Amino acid sequence: MSVHIEFNNVTVRYGEDIALDDIDLQIQEKEVFSIVGPANSGKTTFLKCINRTIDLISSSKVDGTVSIQGEDVRRVSNVYALRRRIGMVFPLPVGLPMSIYDNVAYGPRRMGITDKQRLDELVEQCLKQSVLWDEVKDRLHMLGTKLSGGQQQRLTLARALSLEPEILCLDEFSIAIDPVTTMKIEEVLTGLKEKMTIVLVTNLTQQARRMADHVAFFNASELVEWGETEKMFENPDKEITGRYLNGDFG
Amino acid sequence: MSPVSSSNPFAAGGNEIRKQRTENIAKNVMLGAAILLIIPVLVIIGYLFYKASPVLSWNYIWDVPRDLGRQGGIWLPLIGTFYLVIVSLMLVAPVGILAGIYINEYAPNNWLTRCINMAVTSLAGVPSIVHALFGVGAFVLTLGMGASLLAAACTIAVMTIPVIVTATREALAAVPMAFREACWNMGATKWQTIRTIVLPNSISGILTGVILEISRAAGETAPILFTGAAASVAVRTATVGDKLMPYQLDDRFMALSYHLHVVAEKISGMPQEMKYGTAAVLIALIVVINSFSITLRLYLRSRKKW
Numbered sequence: 038m039s040v041h042i043e044f045n046n047v048t049v050r051y052g053e054d055i056a057l058d059d060i061d062l063q064i065q066e067k068e069v070f071s072i073v074g075p076a077n078s079g080k081t082t083f084l085k086c087i088n089r090t091i092d093l094i095s096s097s098k099v100d101g102t103v104s105i106q107g108e109d110v111r112r113v114s115n116v117y118a119l120r121r122r123i124g125m126v127f128p129l130p131v132g133l134p135m136s137i138y139d140n141v142a143y144g145p146r147r148m149g150i151t152d153k154q155r156l157d158e159l160v161e162q163c164l165k166q167s168v169l170w171d172e173v174k175d176r177l178h179m180l181g182t183k184l185s186g187g188q189q190q191r192l193t194l195a196r197a198l199s200l201e202p203e204i205l206c207l208d209e210f211s212i213a214i215d216p217v218t219t220m221k222i223e224e225v226l227t228g229l230k231e232k233m234t235i236v237l238v239t240n241l242t243q244q245a246r247r248m249a250d251h252v253a254f255f256n257a258s259e260l261v262e263w264g265e266t267e268k269m270f271e272n273p274d275k276e277i278t279g280r281y282l283n284g285d286f287g
Numbered sequence: 063m064s065p066v067s068s069s070n071p072f073a074a075g076g077n078e079i080r081k082q083r084t085e086n087i088a089k090n091v092m093l094g095a096a097i098l099l100i101i102p103v104l105v106i107i108g109y110l111f112y113k114a115s116p117v118l119s120w121n122y123i124w125d126v127p128r129d130l131g132r133q134g135g136i137w138l139p140l141i142g143t144f145y146l147v148i149v150s151l152m153l154v155a156p157v158g159i160l161a162g163i164y165i166n167e168y169a170p171n172n173w174l175t176r177c178i179n180m181a182v183t184s185l186a187g188v189p190s191i192v193h194a195l196f197g198v199g200a201f202v203l204t205l206g207m208g209a210s211l212l213a214a215a216c217t218i219a220v221m222t223i224p225v226i227v228t229a230t231r232e233a234l235a236a237v238p239m240a241f242r243e244a245c246w247n248m249g250a251t252k253w254q255t256i257r258t259i260v261l262p263n264s265i266s267g268i269l270t271g272v273i274l275e276i277s278r279a280a281g282e283t284a285p286i287l288f289t290g291a292a293a294s295v296a297v298r299t300a301t302v303g304d305k306l307m308p309y310q311l312d313d314r315f316m317a318l319s320y321h322l323h324v325v326a327e328k329i330s331g332m333p334q335e336m337k338y339g340t341a342a343v344l345i346a347l348i349v350v351i352n353s354f355s356i357t358l359r360l361y362l363r364s365r366k367k368w
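Read top to bottom, the protein sequences are chains Z and H.
Heads up: the first sequence runs through residues 38 to 287, numbered per my numbering.
Heads up: the second sequence runs through residues 63 to 368, numbered per my numbering.
In short, the hints are calculated from the structure, not lab data.
For clarity, every value in this text was computed on a predicted model and none was experimentally measured.
Glycine residues also receive a C-beta, built at the ideal position from the N, C-alpha and C atoms.
Mixed in with the good hints there might be a few duds.
[Unchecked claim] Partial selection, computed: residues in chain H whose CB lies under 8 Å from chain Z:
1. Pro-170
2. Asn-171
3. Ala-236
4. Ala-240
5. Phe-241
6. Trp-246
7. Asn-247
8. Met-248
9. Ala-250
10. Thr-251
11. Gln-254
12. Ile-259
13. Asn-263
14. Gly-267
Build the full structure now, drawing on both the sequences and the hints.
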């Protein structure tokens, strides 16, 4: 195991507001790294720093370094190639206004893959990985936006997987998905760990406990502490961590 | 439970009845104001067509004006206005749409963007007669176009560009931000995102905005007054082909709005119905263009994908 993603003294501001305050942590290759914390604690900002979509928010300012495999993401010359290495799933399901097939093929096509057979295989594989294939295999040319919320969320996941990323960032992916499907996706993710590093932002602390190798607890823009899942839940350094993770907050 | 409400617990109390009455009065007053809007439209159109009815016929539309418009038809001004719309559209659409895309999709919040926005707003506030004088100075004289269809179309283009930029921005802003973010997260460039997601889902709004604005501007007299409109023109109208293409870009041309101005005020012994006929055809042309544009919008909206 080696370090895949490293945050070194990362501070993010939106205008005057601090969104992340001096974050230091390392994410190992091919692990599930979970981030938990209450709303507005900087979790989504953390993900945006990894693929540099933070740059698209004009008021943002990032200090410190985020590196992937030792390479500072700020020094990457082709930011689009960087983003293709990182799959992103945000909490609100977004079906693009095109067919289900085109939704999944969107990223690969932008990369220049045009071979029909290759795309067919890729679409099928990604929809199977996101546990959506059985529900949509007979209507791949239906509009992605006409799917239900939970189905669109799995479509979003399939899109993220379509680039065969080395890092998969999931921000509250299960918010619109029923518990049974959530469990199926969790199984798939556990399988995907063989191939990629997974950064899992979740409000379900039990999900973090089931899946994560390491857990980080964010609160009010600060990294309170992070460590091995077992230790974080059973014997955290700070009292507040234990109370939050075990659902004993307030 | 009190004895009063025990008979009918859902009966409205005095306070409730007063609130409902106020609500009804407010609604009806506003409805009345809204109905007032319809009256001028019906009166104008009805009166115009009633007064014009003696001349209105296919022959009136297809025939060329004779004796300075005292006799004959309306074809040359009608086709002139049509060409004015087409040429203006071809000039202004690319610039206005591309500028609108830049401002909505790319422009950072800096002094240049603020300058552009200020220019758009200021340009929108300039009266059309001032645009006409600018057109004379810039296109007719400085660029040497002379008073011509092209110079008039350029003037209309400058006059309409702020509205077209604004219409483009609004249409683009109606595409949810989440679509763009989803594409960026997959490593799509801004242009790829615009081309594949943003434009296909906003083009209907952009096009209808452009068409509506140009047709409105083409109904105005001021911008073409000094830049190319003529009270009468000497063009060949012998064959159908000549009639369909009577003007070159550097010709002076007849247009409905200017023709109306001329027949209504400048020519003595003008029959009343010829004045109303011109106005009726002008209104009809604008209604036709607007209906086309609105139909296009309704059709494309019915195919909206989210």
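Evaluated hints:
no.: 1; hint: Pro-170; verdict: holds (6 Å)
no.: 2; hint: Asn-171; verdict: holds (6 Å)
no.: 3; hint: Ala-236; verdict: violated (12 Å)
no.: 4; hint: Ala-240; verdict: holds (5 Å)
no.: 5; hint: Phe-241; verdict: holds (6 Å)
no.: 6; hint: Trp-246; verdict: holds (6 Å)
no.: 7; hint: Asn-247; verdict: holds (4 Å)
no.: 8; hint: Met-248; verdict: holds (4 Å)
no.: 9; hint: Ala-250; verdict: holds (5 Å)
no.: 10; hint: Thr-251; verdict: holds (6 Å)
no.: 11; hint: Gln-254; verdict: holds (6 Å)
no.: 12; hint: Ile-259; verdict: holds (6 Å)
no.: 13; hint: Asn-263; verdict: holds (6 Å)
no.: 14; hint: Gly-267; verdict: violated (14 Å)
In summary, the numbered hints that this structure violates are 3, 14.
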